[in-house]
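S.K.: One letter stands for each residue in the lines below.
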Amino acid sequence: MFNTYYSRLCYYAYKITNNQESSKDIVQDVFLKYHSKPAEFSSELAIKNFLYLAVKNACLNFIRHDLVEKKFAENQVETVLDQDQGLSHIIKAEALVLIKQAIEALPERCRTVLKLAFFEGFKNEQIALEMSISINTVKTQKQRAIQLLRLKLTDKAYLLLLFLLPL
Amino acid sequence: MMNQFEPLYTKAELIVKSLQNDLTDQERLSLNEWLAESAANQALYNDLTNEATLASELAILAKFDAQADWQKIAKQTIGEQNKTATIVDFSYRKWLSAAAILLIACLGVFQFWVSRNNRNSISKISKHPIIDIAPGGNKATLKLADGTIIILNDSVNGFQATQQNVKLVIQNGEITYQSLGQDNEIIYNTITTPRGGQYKLLLDDGTKVWLNAASSIKYPTAFSGDERIVELTGEGYFEVAHDASKPFKVLLPGIGKVDAIGTAFNINAYSDEHITKTTLVQGKVKVAFGSKTDFLIPGQQAQLFPSGQLLVLNQVDVDEVVAWKNGQFIFKQMNVENIMKQIGRWYEIEVIYNGPVSQETFSGIVSRNSHLMEVLKIMEEGGVRFKIDGKKISVY
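Just so you know, the protein sequences line up as chains A and B, in that order.
Per this note's numbering, the first sequence starts with residue 7, numbered consecutively.
Per this note's numbering, the second sequence starts with residue 11, numbered consecutively.
Hints may be right or wrong, so weigh each one.
[To be verified] Below, a list of computed lysine-lysine pairs in the DSS-like style, where the Cα atoms sit at most 27 Å apart:
#, chain 1, residue 1, chain 2, residue 2
1, B, K294, B, K256
2, B, K256, A, K148
3, B, K210, A, K43
4, B, K149, A, K39
[Stated by the list, open to error] On the chain B side, residues computed to face chain A include the following (Cβ under 10 Å):
#, residue
5, P17
6, L18
7, K21
8, A22
9, D32
10, D57
11, T59
12, L64
13, E67
14, L68
15, I70
16, L71
17, D79
18, N364
19, S368
20, T371
Honestly, the hints are just simulated from the structure, not real lab data.
All C-beta atoms, glycine included, are put in the ideal place defined by N, C-alpha and C.
Let the hints inform the model, and build the full structure from the sequences given.
M.R.: Here you go:
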C-alpha cells in the first residue's frame, strides 16, 4: 500500500504546499493514521480515496496554518486554495504514475536514457557522459523509447487545437 | 464525498491513453469535452504532453522514493504499535465481553509489516494501462441489533465476541453463531454483501447459509420460539439443519417465502433478474408466492414471474444453479445477457451494450477466483467483443 501510493501522494501534497519535507511528513502521517484504523475499508479504491482525501485535508490545514502565521485573514486563505487547483494535481499525479510504470517496462538501455532525461532532468550531453555513449545514441534511444511507449509528445502547445477539432 | 476523486482517476487514464494513441471514439469525445471545458484543463493536458514539462513533472515525482523513506516511517510505527494495540476506536466495543480477543488493532499494524511490495508495474508494454479486473472475495458488512456496523473482509480473521449470551466467531470468510444459554429475547443481525462480495454464515441451530454478491440476510442471533425465520434479498444457498419441531422459513420481502424442514436449496431473488427462482437440492420445501403455494422435490425449481405466475420446472441443472457457492461459474447454454448479469455482480462492473448482441449461447466452467479476462474468453471465442474502461465494460 505504502509503496504503491507514496510517491503520487507526495507529488500531490508538494503541488499544493510547495514544500518537499512537509509533503513527506504529511503523507507519512496519513499512512500512520490509515494503519491505526484497519478493517474499515471495503475496497482498494476506497483506501485510495481515503488517502487522497486525508492528504488533501492535511495540506489545506498546513497552508491555512502557514498563512495564518504570516498574518493573512481567513477569507484570503480560502481564495489561495482554489478547489479545482487541488483536483487537477490528482489527475497529474495519477497520469504521471501510469507513464512512469510504462517507462519502467522499457528495455534496459532505453529505460536508463529516459529515466535520466525525465526523472533526473539530465540534458543529452550529461546522459552521454553518464552512460559513455555518443549524443547521437542518446537521441536515438530517446526516440526509440518514445516510440515504444507510443507517446505522442509535442513541442508546441498550440498543437492541442488538433485534438479539439470535431470528429 | 469519496467519489469526488474517481472521475479524476478516469481523466488521468484518458490522458495517458491519448498519449499512447489508444483512445476509442467515445473516449476521444470524452477527452475533447473535458479539454473544451476550460483553459486550465488544456494547460494540464499540455503539461503532460509536452516533452519538456512532462520531464520536469516526472522529475518531481521521482523526488519521492518510497523505498528510501520507508526506513523513517518503519521506525515511527514501532512506537505507534504499542499505542494502537490498546486504543480501540470502534463503536461495537461497548458490547464486547471481557473474554473477547481484540485482534483487529494489532492485525492492522501486522498487515503493514508483511505487506507485499506493491509496485504494480506493467511487465509488458500493453495497449491498456489497466490490465484486468480482479474477482470478488469475502466481503460483507454485519449490522448488529443496535445498528452498529462492522465491515467484514479477509483481514478480520479469528475475531470473537459475545452479544447477549450468544458467541460470534469470524474466521475465513465465515461467521458462526453459538448460543451460550437460554435467552428469550430475539435479537437480529443482518449481513449484507456488496457487489464483488460473498460471505458464509453458520447459524445457532447449525443451518449453513452462503450469501452471494449484492445480497443480504437478516436473522436472529439465536433461535427461540417454534419457528426459525430469516429474511433474504439477492441470492443465498441454504443447508437447513433438521428440526421438525421448528420449521425454517426464508422470507423474501415483497415476493413471498420458502418453508423448509431439513433441506438444501438455493434461492435467487435478485430484483434485476425479474424471475425469482427457488431450486431444491435435497429434502423438501414449500414455496409460497402471493396466493400460490407449491411443494418441490429435489431437482425441481419454482419460478415466480413478475406477472404472479408460478411455474415449477422439473430436472433443472442443479450444478449450474449452485456453482457460485462452490466457487465456480457454470454456464450451460446461457446467453450473453444472463452471463453478464452474474459477472457484473462479482467483478463489480457496469455492463453497457453497444447495439444488438449475439443471441448465441455459451457453456463453460470457470473458477470465481479468475480474473475477468478468463471468464470473458468463453464468449470471445464465440465472437463477442468486449472493451473494458475502468469499471465499465462495453459489449459488442
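S.K.: Next, verify each hint and record whether it holds.
M.R.: Here's how the hints hold up against the structure:
no. : hint            : in the structure
1   : B/K294 / B/K256 : holds (15 Å)
2   : B/K256 / A/K148 : violated (76 Å)
3   : B/K210 / A/K43  : holds (25 Å)
4   : B/K149 / A/K39  : holds (23 Å)
5   : P17             : holds (9 Å)
6   : L18             : holds (5 Å)
7   : K21             : holds (5 Å)
8   : A22             : holds (3 Å)
9   : D32             : holds (7 Å)
10  : D57             : holds (7 Å)
11  : T59             : holds (6 Å)
12  : L64             : holds (7 Å)
13  : E67             : holds (6 Å)
14  : L68             : holds (4 Å)
15  : I70             : holds (6 Å)
16  : L71             : holds (5 Å)
17  : D79             : holds (6 Å)
18  : N364            : violated (17 Å)
19  : S368            : violated (27 Å)
20  : T371            : violated (33 Å)
Of the hints listed earlier, those the structure fails to meet are numbers 2, 18, 19 and 20, in rising order.
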